[in-house]
Amino acid sequence: MISKWTEKLALAVLISALSTVIFLSRALGQATSLPASHLINPEELVKVLQATKGERPLMFQVGSYVLYAQAHIPGSDYVGPVTSELGLQQLRRRVESLPRTKFIVLYCGCCPWSHCPNVKPADDALHAMGFTNVKVLYIANNFGADWVEKGYPVAKGQ
Amino acid sequence: MRRRILIGAVLILVAAGFYLKARHSFRARQGAARQHFAAPNFSLPELNGQSLQLSDYRGKVVLLDFWATWCTPCREEIPHLVELQNKYRDQGLQIIGISMDDSPEPVREFYKRFQMDYPVVIGNAETGELYGGVLGLPIAFVIGRDGRISAKHIGATDASVLEQDIRGLLSPQ
Chain V
686 MISKWTEKLA
696 LAVLISALST
706 VIFLSRALGQ
716 ATSLPASHLI
726 NPEELVKVLQ
736 ATKGERPLMF
746 QVGSYVLYAQ
756 AHIPGSDYVG
766 PVTSELGLQQ
776 LRRRVESLPR
786 TKFIVLYCGC
796 CPWSHCPNVK
806 PADDALHAMG
816 FTNVKVLYIA
826 NNFGADWVEK
836 GYPVAKGQ
Chain L
407 MRRRILIGAV
417 LILVAAGFYL
427 KARHSFRARQ
437 GAARQHFAAP
447 NFSLPELNGQ
457 SLQLSDYRGK
467 VVLLDFWATW
477 CTPCREEIPH
487 LVELQNKYRD
497 QGLQIIGISM
507 DDSPEPVREF
517 YKRFQMDYPV
527 VIGNAETGEL
537 YGGVLGLPIA
547 FVIGRDGRIS
557 AKHIGATDAS
567 VLEQDIRGLL
577 SPQ
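These protein sequence lines are chains V and L, in that order.
This note's numbering runs 685 ahead of the 1-based position in the first sequence.
This note's numbering runs 406 ahead of the 1-based position in the second sequence.
Note that these hints are calculated values from the structure, not bench results.
Virtual Cβ for every residue (Gly too), placed ideally from N, Cα, C.
Check each hint, because a few of them may be wrong.
[Unchecked claim] Just so you have them, the derived chain V footprint on chain L, three or more residues with Cβ under 8 angstroms:
no., segment
1, 501 to 508
2, 530 to 536
3, 559 to 573
Construct the entire structure; sequences and hints are all you get.
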């Protein structure tokens, strides 16, 4: 026999559990909601960059300049954090004249993937503009650990 | 039926609790690295325009926090850092924030909003490189009274882990 008090307790626990699930999904951040088809792994990108055939992507770093100046993918352009409207405008301006089929790679690497605030808004903005060949570089931990320390090509400065 | 709901709900809560605990412990273990070299000196502008030199804090235990206003885990850590600064100020703790933002404006706003009570300077690539490359945020260095780096924490770090490091260094004055 379950009392009314137990029923209320069960309801409270259920609500708490639901809240926990919502909290966890929010804490996991926006980047985790990117579909797998939008992603490219570091190894895959290195292969693309080293290939003599095929389209070379246009690459944009959407993190901070201080991080870009220390290390970035050679040939990539700095756009800046797109969490700000200014950053988003810079990204839009940079691509507005390009054909919508242009191969574009976005990357940040500021924070662990689950916390990166930049790549999802950047990806959303380009898709909203009609770009159909956009990939986001999947960086699990940060650019240092998942790109530089792996020995992949790096450039410094502007 | 009701009993099953109750058991299910409790199991979900317990599982969520274990997950969060394991996640924090794993991150703390993964991010920490013992260091024993001298903390490189730097001179960087504070938000009020004055210059801050790390060497001026020799004799204190320093927590150097590389962060940015748009970095979610960095933002989450700030209230804990403010608490730590308040709690251990009199024992000789000095937290110094090094913002890796592109400009000081959002940092000033953030500083006021979060009532940050420790100095924040505007960082640059040179300072990042001095510290072995700051290629992910946040990164915290714990520096002893002798000016040597005691620990480096990469990524979001539990406040209790930082506090443990700090307390270990504060005691032997």
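Hint-by-hint comparison with the structure:
Look at the segment 501 to 508 of chain L against chain V: 3 of its residues bring a Cβ nearer than 8 angstroms to a Cβ of that chain, three or more, so the hint holds. Coverage of a stretch by a chain is defined here by at least three residues with a beta carbon nearer than 8 angstroms to that chain's beta carbons; for the segment 530 to 536 of chain L and chain V the count is 4, and the condition holds. Under the rule that three or more residues need a Cβ within less than 8 angstroms of chain V, the assignment of the segment 559 to 573 of chain L holds, with 3 such residues.
In summary, the structure agrees with every hint in the numbered list given earlier.
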